[in-house]
Amino acid sequence: MSEKNRPIRDKVLSMLGLAARSRNVVSGGFATENAVKSGKAYLVIVSEDASDNTKKKFRNMCDFYEVPFYLYGRMEENGHSMGKQDRTSLAVTDEGFANSIRKHLEDSNQ
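Its first residue numbered 1, the sequence shown is counted upward by one per residue in the numbering used here.
Hint data in this document are derived by calculation from the structure and do not stem from the laboratory.
Using 27 Å as the maximum straight-line C-alpha spacing, the simulated DSS-like pairs for lysine-lysine come out as follows: (1) K37 / K55; (2) K40 / K103; (3) K11 / K84; (4) K40 / K55; (5) K57 / K40; (6) K84 / K37; (7) K37 / K57; (8) K11 / K55; (9) K56 / K40; (10) K84 / K40; (11) K103 / K57.
Note that the coordinates shown come from a computational prediction; the quantities given were computed from them, not determined experimentally.
Generate coordinates for the entire structure from the input sequences, incorporating the hints supplied.
Right, dumping it as structure tokens:
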């Protein structure tokens with residue numbers, strides 16, 4: 001990872017932490033899937049080191065339900081940012097947090 005992207009990466013992870021502390025994030029495969037299917041998810045993030053099957057499953061689900069989908073971070077750092085163990089998938093359930101995190105994610109992809 002380049003040093004240029006480090007501050008953006010830290011912002012994404014700290015925003016995830018804030019969203020988690022305010023109970024606006026659900027994590028884990030089952031909870032993420034339920035949030036997407038019930039219309040509560042505004043953003044889904046799957047870890048870059050998740051299995052290909054998991055990535056495909058959530059990408060297809062998010063396409064179908066029209067939920068923004070991103071591959072970001074590693075399981076360990078995504079979980080740690082929320083004060084939990086490794087997390088492969090998570091859904092942001094607050095539109096404001098989701099928009100802010102998306103902005104940072106798009107900045108990190110440039």
